[in-house]
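Novice: Line by line, the protein sequences are chains F and L. Count the first sequence with this note's numbering and you get residues 4 to 210, in order. Count the second sequence with this note's numbering and you get residues 4 to 210, in order.
It is worth saying that the hints were derived from the structure and are not from the lab. Note that beta-carbon positions come from the ideal geometry of N, C-alpha and C, so glycine has one too. Fair warning: there could be bad hints in the mix.
[Said to hold, decoys possible] Each pair of labels, with its calculated beta carbon distance range:
| # | chain 1 | residue 1 | chain 2 | residue 2 | range |
| --- | --- | --- | --- | --- | --- |
| 1 | F | P31 | L | D43 | 36 to 46 Å |
| 2 | F | R5 | L | K21 | 20 to 30 Å |
| 3 | L | S145 | F | Q44 | 43 to 53 Å |
| 4 | L | P37 | F | E75 | 55 to 65 Å |
[To be verified] To be clear about the criterion: a stretch of chain L counts as covered by chain F if any three or more of its residues have a C-beta under 8 Å from a C-beta of chain F, and this derived list gives those stretches:
| # | segment |
| --- | --- |
| 5 | 129-135 |
| 6 | 186-197 |
In case you want the letters, here they are:
There are 2 protein chains.
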Amino acid sequence: MRMAELSRESGVPVPTIKYYLREGILPPGERTSPNQARYDQSHVRRLKLVKAMLDVGGLSIADVHRMVAAIEQRTPTHDLLGITQQGLPRPEGGDDSRLAAARRRAEAVIEERAWKVEPDCPAATALAGVLATFAELGQPESGPWLSRLAEAADIVAEADLDSLSGVADTEAIIERALVGTVLGDTLFAVLRRLAQQNVSAARFGGR
Amino acid sequence: MRMAELSRESGVPVPTIKYYLREGILPPGERTSPNQARYDQSHVRRLKLVKAMLDVGGLSIADVHRMVAAIEQRTPTHDLLGITQQGLPRPEGGDDSRLAAARRRAEAVIEERAWKVEPDCPAATALAGVLATFAELGQPESGPWLSRLAEAADIVAEADLDSLSGVADTEAIIERALVGTVLGDTLFAVLRRLAQQNVSAARFGGR
Chain F
4 MRMAELSRES GVPVPTIKYY LREGILPPGE RTSPNQARYD QSHVRRLKLV KAMLDVGGLS
64 IADVHRMVAA IEQRTPTHDL LGITQQGLPR PEGGDDSRLA AARRRAEAVI EERAWKVEPD
124 CPAATALAGV LATFAELGQP ESGPWLSRLA EAADIVAEAD LDSLSGVADT EAIIERALVG
184 TVLGDTLFAV LRRLAQQNVS AARFGGR
Chain L
4 MRMAELSRES GVPVPTIKYY LREGILPPGE RTSPNQARYD QSHVRRLKLV KAMLDVGGLS
64 IADVHRMVAA IEQRTPTHDL LGITQQGLPR PEGGDDSRLA AARRRAEAVI EERAWKVEPD
124 CPAATALAGV LATFAELGQP ESGPWLSRLA EAADIVAEAD LDSLSGVADT EAIIERALVG
184 TVLGDTLFAV LRRLAQQNVS AARFGGR
C-alpha cells in the first residue's frame with residue numbers, strides 16, 4: 004500500500020509516519036520509484052504498536068526507540084525486563100541521607116519478599132528513589148502499606164510470566180512482553196482505581 | 004524568603020516558579036514592594052509536591068492544575084478519586100465492535116470482583132479502552148491474567164484506604180490521597196518489575 008493508505012489503516016497522520024521513518028522507528032517500505040515506496044501489514048502493525056505505547060502506555064519517544072530496537076534485534080525475553088526498566092523514573096530524591104535511608108527501606112522490602120535481584124539494578128534504584136520522594140514530601144510511606152503492595156506485586160508478576168508461556172514465535176514473545184508490561188502498568192492503575200472506589204464506597208458510603 | 008531562595012530550597016528554577024505563579028499552580032507570595040514578594044515554607048512544600056507529581060508521578064501540567072485546585076478547594080476525600088481518575092488514559096480503542104466487546108469484558112471483571120462502581124464511570128471506561136487496545140494490537144488479554152490482576156488490585160486498594168485513616172487535617176488527607184495515588188502507581192510499577200525479575204530468574208535461570 005501507499006503511504007496515504009498506511010495512514011488510513013493505522014490511524015497515524017502522514018507527517019508522523021514520515022517522522023517515524025526518519026527516526027528509524029518504522030522500517031522503510033519497499034522502494035517502487037525514487038519518490039515512492041510500498042508498505043505492508045507489518046508497517047500497520049508497527050504503527051499501531053507505537054501509537055499504543057505512546058497514547059495508552061504513556062511512554063516517551065526515547066522509550067519507544069529502545070523498544071523498537073529490542074524488537075528488531077530480537078532481544079531474548081530474559082533481557083527484555085531490562086529494557087522495560089529503562090522507562091522507570093530516576094528521581095533525585097532530595098538529599099543524600101534521605102536517599103540512603105530510602106535505599107535501606109528498599110532493601111528491607113526486597114529481603115522481606117525474598118526477591119533474588121541485584122541490589123543496585125535499575126528497579127531497586129527506582130524503588131529507593133520513589134520512597135525518597137515520599138519522604139521528601141513529608142509523607143513517608145508506611146511499612147505495612149509497602150509490604151502489602153509488594154505482596155500484591157508478587158501475585159501480578161506470577162500472572163505476568165504465566166501469560167508469556169505458550170507463545171512460540173520470538174518476535175511475538177518480545178512484542179507481547181513489551182505490550183504486557185507497558186500497557187499492563189496502565190491496566191493495573193485502572194483496576195486499582197476501580198477497587199479503590201469500591202472500598203471507599205463501602206467504608207465512607209458514597210455515590 | 005525571596006524568590007531566589009525559594010528556588011534554591013525547592014530545587015525548582017526561577018523561570019519555572021514564575022510560570023507556576025502565572026498559571027495559579029503556586030499561590031502568590033506576600034507582596035513587599037511592587038516588584039517583590041515574600042514566600043514561606045508552604046510555597047516550598049507546594050513546589051516539591053508539583054515537582055514530584057511531574058517527575059516521578061508522570062502527570063501532565065493539566066493534571067497538576069486539577070490536583071492543585073482539589074487541594075485549594077479542600078475537596079472531600081471521597082471525591083478525590085474522581086480527580087485522580089482524570090489522569091486516566093482515554094484510549095480510542097479502534098473500531099466500535101472491538102470497544103463494545105472490551106466493554107463487556109470490563110463489566111465481567113467488575114462483576115467477578117463484585118465491585119460496586121458505576122458501569123460508565125471514568126475508570127470503567129478506561130478499563131474497556133485499555134482492553135480494546137490489547138485487542139487492537141492483536142494481543143487480546145487472557146481472562147485468567149486479568150482476574151489475577153484484579154485480585155491483586157483489591158489487596159492494594161484495601162492497603163491504600165487503610166493508609167489514609169488516622170490522618171486528621173483535611174489538607175493533609177487530600178495531599179496524602181493525591182500523593183499516595185499518583186506516586187503509588189509508580190511505586191507499584193517498580194515493585195512489579197522487581198517481582199518479575201525474581202520470578203523470571205527462578206523460571207528461566209539468569210542474571
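Novice: Now, for every hint given, state plainly whether the structure supports it.
Specialist: Each hint, compared with the structure:
Against the hinted window of 36 to 46 Å, the Cβ-Cβ separation of P31(F) and D43(L) comes to about 58 Å, which falls outside the hint. Checked against the hint of 20 to 30 Å, the pair R5(F) and K21(L) fails, with Cβ atoms roughly 48 Å apart. Under the hint 43 to 53 Å, the C-beta atoms of S145(L) and Q44(F), about 24 Å apart, miss the expected range. With their beta carbons about 60 Å apart, P37(L) and E75(F) fall inside the hinted range of 55 to 65 Å.
Proximity of the segment 129-135 of chain L to chain F, defined as three or more residues with a beta carbon under 8 Å from a beta carbon of that chain, is established by the 5 residues found. Interface restraint, the segment 186-197 of chain L with chain F: holds (12 residues with C-beta to C-beta distance below 8 Å; minimum three).
The structure fails hints 1, 2 and 3 (numbered hints given earlier, in ascending order).
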